[in-house]
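Chemist: Chains as they are written, first to last, in my numbering: chain X, 1 to 890; chain F, 1 to 451.
Just to be clear, a hint being listed does not mean it is correct.
[What the hints assert, rightly or not] In silico DMTMM-like pairs for lysine to aspartate or glutamate, Cα to Cα no more than 20 Å straight-line: (1) Lys340/F to Asp712/X; (2) Lys325/F to Glu445/X; (3) Lys215/F to Glu445/X.
Please keep in mind that the hints were generated in silico from the structure rather than gathered at the bench.
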Amino acid sequence: MAVTPAATDSRPAGRNRIESLRTEQPRRARKQPSTSKSPADRLRKDQDLWEDEFDLDARAATPEKKRSQERLPDCRLPQRTANRRNSRLDKGGAVASRSRRITRWTFSEMRPWQIAAGTGGFLIAALVIMLAPDGSVDPGRIGDQHLAAAEPTQPDLFTTKLQPFVEEFCQDCHLGEEAQAGVDFAKWTHPDAIVTGDRKHWEKILAMVEIGAMPPPDAGQPSTETRREIVAYLEDKLYNLDCDLIDDPGRVTVRRLNRAEYNNTVRDLLGVTFTPADSFPSDDVGYGFDNMGDVLSLSPLLMEKYLDAAEQVTEQALPMISPESLREKFGLNDLNAESSRRDGEFWSFPSAGRATLKYNAQFSGQHVIRIRAQADQAGDEPARMQLELDGKAVHTWDIRGNRRPDVYEHPLHLTTGEHRISARFINDYYVKNKADRNLYIGRFEVQSPAPADLVDRVSKFVSARPDKDTTVSHAAEQVLRPFIERAFRRRATAEEVQQFVSIVEAIVNDGESYDFAVRLAVQAVLVSPSFLFRVEFDQKPDDPHSEREVSDFELASRLSYFLWSSMPDDELFRLAREGKLKEKVTLSAQVKRMLKDQKSQALVDNFAEQWLNLRMLDEVVPDPKLFADFDDRLRQDMKHETLLLFAEVMKQDRSVLDFLDADFTFINERLARHYGMEGVRGDAFQQVSLKGFPRAGVLTHASILTITSNPDRTSPVKRGKWILENILGKEPPPPPPGVPELEETQTSAPNASLREQLEKHRADPGCASCHTTMDALGFGFENFDAIGVWRDKDGTHAIDSSGVLPSGEKFNGPVELVQILKARKDKFSRALAEKMLTYALGRGLSYYDRCAVDDILKQLSQNNYRFSEMILGIVHSKPFLKRRGDGDRK
Amino acid sequence: MSFHILKSTTMQRRTVLRGVGTLMSLPLLDAMLPENGVEAAPAGVAPIRLGYVFFPNGAIMPDWTPGTEGSDYELSKTLKPLEPVKSDINVISGLAQEQGYAHGDGPGDHARSAATFLTGVHPVKTAGANIRVGRSVDQVAVDAIGKTTRLPSLEIGLERGRTAGNCDSGYSCAYSSTISWKTPTTPMAKEINPRLVFNRLFGDKEGTAEERAKKAKYRRSILDLVARDAKRLRSRLGQTDQRKIDEYFTSVREIEERIEQARKSAELETPDFEIPNEIPRDTTLHMNLMYDLMLLAYRTNSTRVITYMLANEGSNRSYPMVDVKGGHHQLSHHRNDTSKVADLQKIDEYTVTQFAGFVKKMRETREGEGSLLDHSMIVLGSGLGDGNRHRHEDLPVILAGRAGGTVSTGRHLRVPNKTPLNNLFLSMLHRVGSPVDSFGDSTGELKKIDV
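Let the sequences and hints guide you as you build the complete structure.
Modeler: Written out as structure tokens, the structure reads:
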């Protein structure tokens, strides 16, 4: 919400305000113990009563209870507690239960219009608050009152407004040890509880009251005016922060590299071209993203995978080259063995058959093939193994000895490309119970001419070797220090380097070669915690008040993992070493450079995919009977369209609002057919104009329309919810417990159109509170079916994609609705900024981050909403540049 | 105590059938049985194995639950495939995981049903940092019997964990794609690639024995180094960070112990077992490969505790092999539509059929005086009963095996409604020597299974 003028213009006043609240409240309570004792105090008294005397009726008999008994809501308690409640009511609450029944009966008999006009009025009011077109409720009036209230002589709104509200509408279900959903108002006796103490609860309370989900529909309802006041008060309390006072950069937990980051990091660190992390277990997701430090866990299984990956990466990046050639080993699993079975280290061939290696020669020229083999000898000739290249025999070996493993070697001339290299058993001999000649074929090794650049890379890496002037330790340190520092993405201490040098020494002393030992040290680096985790060290790690700027190296990593999902490159490292990265101009220049770099595709693949929930596309299963067209190809094409739009906005530095209403998109022939558009041929995607078509922005992309549908039909509710969450940044609260399922409506009116069914469903006030908005938004896109194809009819029902939002704005069809949503650009860009900041920081946002988001949005709106301004705003924000010690600030 | 397939010529090389198709048939396992009279374990001391096989979305209970009780009962329509092993199993009706209900947390029953399945603890509703449920029964069992085997436990499944935001109404995906929890906050990731499960059990067996020994030795020194490094690092971090490094440290230690365990015991002969390098696309093949690996793991005493998720909770997989085209989860909200109910019953029956095949193989695997199954307790079950209405009670539960003669089988046991499933788990824990007095929301042992 917007900061009130009073708060921004006169900061000292704001400071006074908060301080005075902190100090005055208890004093006032002390002064007037008898007349203005807070309701919560009274409640606690009540609780004591319960505990002391176990007299439940004593509570029901207090004056404030009598009032609420007249409209006692059904709290929908779990069975156990409900029983206890009822036993309480049976004595003093006969009237209450009768009136409750009447209330319910009245609701179920009402027609929708009656609800809108009558009881439902509060809902509409609530939704007007939520969907105010300027993106914010004007807290001015309340704010003024609030400021006035802050004067020590005036009563505070907490006491005068909130507590009576709670008393009247909430505490029947939310009090004491039986409090529903853990929301216990007895705990909160002071305004500070809202801001810092149990903030999470209060944010939920605000959302529930704002959207009209609480109090539950069959309970007494506050007037529209009261609801608005309470909402404004809570918003003010929760979000109208004085950024000078609440000055908290937050703290991110150490982040384990996730799968994408691991793949990219080993690529940039060692130049490997495969992606070892693909076989790692899935990363846990939190706050919508899979790069959250708190959420990423490390199981023994993953550790095992790290060990294997380190080995594979080292083998590919630093093959043992001796001295001018390159050897690749292929184990039994790499061989395709026909008519054979596995026997220890061999495939065994009892009669005939062959083991074949599919070998992809990267270099043309003279190769050497080596095959490990042995034989059971029998008969009058030795077992023979024939070497075949691409099906043609090129050589035959006599196998030496009986059951004696040996290596058989032969030169092969290979051209680049795939070849089949086989070893075949060609002279079986078998006399039942007497003689049996068998061949055993083991692993293959192919020695290829090493390409100059690989030799170069390896010798550059192993830049020092022990000789008469250089000790092993000295050489190892020269090789390992620069590598460790790149792998750890910071300077390494002498002690840290020494432990890896020591392992080289130990292995060499053990009789192994220096080259082998160095590679093991590299593996050790790749599984060490400083590589796998992004660690930022603090002087006082457990002091929440100890705050600092991140170091240049830490900043380099924060930047590179944000924009590239990978480690910093040489330029970032150089600037970090020189201590220049934090200079504002340099930092901005680096951001622009990084966004232009190809590696920024990572932001598309990792941020955009998750922000827009596109990964859900992999899991949707449209009903094949209804959508025969849908296949994996189309699934990928859909996703690709949306990612291309994101990439375009990023690369061309367009306005982020283009996500909402771009009048162009990217399609190939398949998608063009899907959309009913002409003139696009082939699988390649091309940019096309949408002018004259009823589509604009991501909300009309087949991808989003599909993931927000059910398998067999559209879901206006899901679409509306998706828009609320991702476009307007307003997560609807979960339905209150006990709301009837949609199917109950459906069975009662099986022939109604979907719109009619949902309207009927909304007739239940428990559903109406949330659905009024969600459904209106969702119905605007009804012209698109469950996989995003345009339609004018749903079965026999003509599509009506017009609607009126609770704010009164009318629209007819998706494009008009998109324009209405675009007018809420503040809400949209806030939602986007919050998601992107979450992704950039690797932690969930907290209330104090709101100040940073406000600044980012200011910069964005002043610069035509250009994409790079959002990134720059994040990178220059306090939480990105600073951190503090662990723990809660009190 | 350890026992292994001895390096010997118990298998006739020429008799072994090859090809993935034959893999699921029985000769494989028969062929593995020692033929020279050497039993895998001395009679009478065979250790008890635990297995938990999970399926999602509940079941069509009217077709699942047998009509009569006791030992003279008739298998229901869905359980018919268990006929050949009827005398070795118990069908248990009436169990519940009541912590799966909302208890004020609103929707998210699928996530809760998987999270509670082996824990009986109400999970914290979060899509973010503070995931927390409880230790799962398999991991508690590991305390008692995990140290004697090369792998303390094995977690396998058929579907990779989801990565699309929160998985169910605000619950982290960890809840719906994990049933095994090492600690209340550390889910045990599962392996879905049969080849990698095999390698975990028996090593990848590349190179010579000497080379492998060398590799293990140096792997130990690497682990030793990074463990020390982690310790040093830890001391410089804040408390939340320390918890993350602790996870790292624990994982390193576990692998170190495993290598040590492998070094101490005689090298296992790699069983003759053909596994594709890629994950099979065919679900039946994939499922049975994993069952075979389970059996192999028990058989070789590589581990005694296995959890197996046939699918993630809320899985929307389709089952074309039994002619069901719709997604499982989607169907599970059948609203009593007869064709959907029929489709779901087919899925249930398919699940039971595959499980029956596995149980049969367990029974056909000789061990000591009896069969491997005699020394096991394998649970097949779901965290939901009626999936349509998200009921966390009247759960479908099968218990296979006699646990060394301490479970009397061949019965349909009906327990009082809402008896905690954890009571069964407590009974299982006691049978493997776990000293715990209670587990999760257990109220006592499930005496009905006793002899």
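Chemist: Next step is simple, just say for each hint if it's right about the structure.
Modeler: Do the hints match the structure? See the list:
no., hint, verdict
1, Lys340/F to Asp712/X, "holds, 13 Å"
2, Lys325/F to Glu445/X, "violated, 47 Å"
3, Lys215/F to Glu445/X, "holds, 19 Å"
When each numbered hint is compared with the structure, a violation occurs for hint 2 only.
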